[in-house]
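Engineer: Given the sequences, and given the hints that come with them, work out the whole structure.
Chains as they are written, first to last, in numbering that gives the first Met the number 0: chain D, 0 to 443; chain F, 0 to 404.
Rather than coming from a laboratory, the hints here were simulated on the basis of the structure. It is possible that some hints are incorrect.
[What the hints assert, rightly or not] Each computed PhoX-like pair below joins lysine-lysine, with the alpha-carbon atoms no more than 20 angstroms apart:
| id | chain 1 | residue 1 | chain 2 | residue 2 |
| --- | --- | --- | --- | --- |
| 1 | D | Lys326 | D | Lys307 |
| 2 | D | Lys386 | F | Lys116 |
| 3 | D | Lys60 | F | Lys293 |
| 4 | F | Lys116 | F | Lys77 |
| 5 | F | Lys397 | F | Lys382 |
| 6 | F | Lys382 | D | Lys386 |
| 7 | D | Lys289 | D | Lys307 |
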Amino acid sequence: MTSQNNKTPLPLEGIRVIDMTIVWAGPYATMLFSDMGAEVIRVESLQTPDINTRGNPRPPKGLLGTPRANMFPNRDPGKRPWERGASFAYSGRNKRSVTADLLRDEGREVFFRLAKASDVFIENGAAGTVEKLGITYDVLKDINPKLIMCSLPGYGTNGPYKYYKGYGANVEAVCGHTYLRGYPDMDFTGTSPIFHADPAAGGTAAFLIMSALINRRKTGKGQYINLSQAENMITQLPQAFMDYSMNGRVRERMGNRHSKHTQGCYPCVGEDNWVVMTIRNNQEWESLCKAMSKTELINDPRFNNMDKRIENHDDIDQIISKWTTDKEKYEVFRTLQSLGIPCGPVAKPNDVLTDPHNIERGLYEEHYHPSLEGAFKYPGPMFEMSKTPLRIRKLFPTLGEDNEYIYKDLLGYSDEEYSKLQEQKHIGDTYFDLGLEDLSGNIV
Amino acid sequence: MTALNGIRVIDLTRYISGPFCTRQLATMGAEIIKIEKPISGDPTRNIEPFYNDAPGIENSGLFLYLNMSKKGITLDYKKSKGKEILLELVRTADIVVENFRPTFLPELNLSYEDLKKVNPNLIMTSISNFGQTGPYRDFELTEIVMYAMGLTMNVTGLASREPQKAGLTVMQHQAGSVAANATLGAYLGREMHGISQHIDVSLLETQLTSIDRTGAQLLGYQFSGSNPFQRFGETSISILPMGVYPVSDGYVMFVGAHPHWWPRFVKMINRPDLFEDPRFQDSDYNFVYNLDYKEELEAIILEWMVQRTKQEVMQEAQAAGMAGTAINSMADAIVDPQFNFRNFFVEIDHPTTGTIKYPGVPAHFTDIIPELNRAPLLGEHNKEVYAELGYDEAELEKLVLEEVI
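Structural biologist: Written out as structure tokens, the structure is:
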């Protein structure tokens, strides 16, 4: 990951980011930085495991009886489960790891020295989490006035919900997204949690931090960014909020349907296989009827314009389902796309890995990590850049993998100081005192 | 001064993903010159919701939101004079953002390579359905197709029923957000290292590389041969509350994330007797995964929930350290005390709608002041922008007659 002078630098090479993010929202933000070449350093603790990101260091045996055990190679968490979980195996790419116990003075000193040498500090613990460690923007700006700090808890670091807990599914509920999705013919208990608020907030956080970095080039000053994940999710729901503002209308959920098109999810051959499609105009309807060999439906008075098709949506769904039910989902996809109809399979993991388009685009990269049995295909960076191809340069770091580099090369700790911090259990590669009850203060 | 002041973006985008990308840039102060087709404009102008439900090119709430803080001009660059003017504009710009079909601009000789000839320092961001290359390059995409092929719909919904999409067009918005990140990353690369380049953002790939059960699902599947996530199973791996529950005036969402939250849960529902219950004594809380207890626990949870409003449940859950929140409608959210405390919704005046509330910028800054102005009327900034290029009134009138602008 060190810069190579004879190579074209990646866009964000030269930017250093302190990463104290957890779960998905914050780690997604720092993936954007690490993929584009920033040096992202995760600060971790040997005393307070980050169970939300690396996973529970001692997974309860009860959990191993659930599908969540599939997060581990061969369903075996092994002796070091924090280096074997699928979630961090994905989000940890191109990042470094350093350990220090920030609950103690020497650990905080390490953090402050790192803050002095960094451009960005990002965290998404519940509001108050880093504050309790004595880490606030007011303290950091005296140490490094150029530092940009970003907090992105569920609801922001001020206001009546400041200390409220929230995973992606929770903030989506507060902001209105949950109300707008799910089966319209059932009550809301049929609406399963989703966590889109996480990538949504991570994306905005990275964007705002980059804006602040550009701002700093002019002003020479850093700043504090206080982002609310829930508000951020609202920025992706404008139709519903503008309709309410303009017309006083409270939008209700539509399931898989669309207000102006016919659209649905239809069964295909095999177990749990589905295909989705949207019919946006008369031409697409005509093409679909021809594909189904039901040309008599083109001018059927129930279906011969968009309004009538929406009125008779249930009938259309039945007709399409009957047609798709004995077909392969990829067969329906290819047939309808060749006619210009937006259609796609509901993809499962093996589908996306073997999809010829994804293969030709080089979306998945095969890599080997010593903590995992075998080489696996990892989703690569989120976009392509013509002059600085983005790649997984290195998989996720093991706990404290970059301690030597960070302490000695970057922060100038001597060998003696390093040994002492090892003895004091700041530096290491394994958690100490794994009492789960100790974790309660430091999670989302 | 706002963060991106002085950065000029030529915005050729339409619909949602592209305009959301440039909206992000606009709110941080970049100068966005949005180029629309003369007379009809961005097709989003014809997409609902409309003010008073009356269709009209200045009435679309979606357009008004997505194009805040931008300048708007009209230009038909399929015509040779129009193309000439576009190149003049590109010469003055730092960034071009477009979301046409990948073949559209190259066919007009307006590919990145063509644009670089007039502006060697140009950064260009191209957003498309499936990317600039590959066998699906020219395929059609809608929100539901994007979600289905993007590896999350398969684990959203109930196992007994068809998979469910997310709400409205959130995936297209997310693609715009990713594109905004790519654009600023490239801009920083140009400023720091002198590299100008072209960015290829595929809507599908922004989903396949997202983090809501995508990477973990794909790797978990390869690790174990089975999917760690599934529909419905999502809500039933533990006896702690997980998923949606009915309350007296609506519904709430719970994420019972960790087994060691058991004592918080017991405290929340005020049932200290459960601490004495011999079935719930394991200090590692393995019993939370014993679904034999599920039915009994659900009954206790439901009884507690239905005696409370969603606001009460949220407050009591949060006081106990449980991740429980109200499921708000738009009407609830817009008066929510947290959003109002932070002044998230902003009032914006527009000739069609008068002053109404818009979703604003979801962050507070110690230095940056976000730019939050109304969207442009069709061709509103023609005079200003074309005057800068040296066109006088008479020339502009001629361009109008020729339907170039």
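Engineer: Determine for every hint whether it applies to the structure shown.
Structural biologist: These are the hints, each one checked on the structure:
no., hint, in the structure
1, D/Lys326 / D/Lys307, "violated (27 angstroms)"
2, D/Lys386 / F/Lys116, "holds (16 angstroms)"
3, D/Lys60 / F/Lys293, "holds (18 angstroms)"
4, F/Lys116 / F/Lys77, "holds (19 angstroms)"
5, F/Lys397 / F/Lys382, "holds (13 angstroms)"
6, F/Lys382 / D/Lys386, "violated (37 angstroms)"
7, D/Lys289 / D/Lys307, "holds (19 angstroms)"
When each numbered hint is compared with the structure, violations occur for hints 1, 6.
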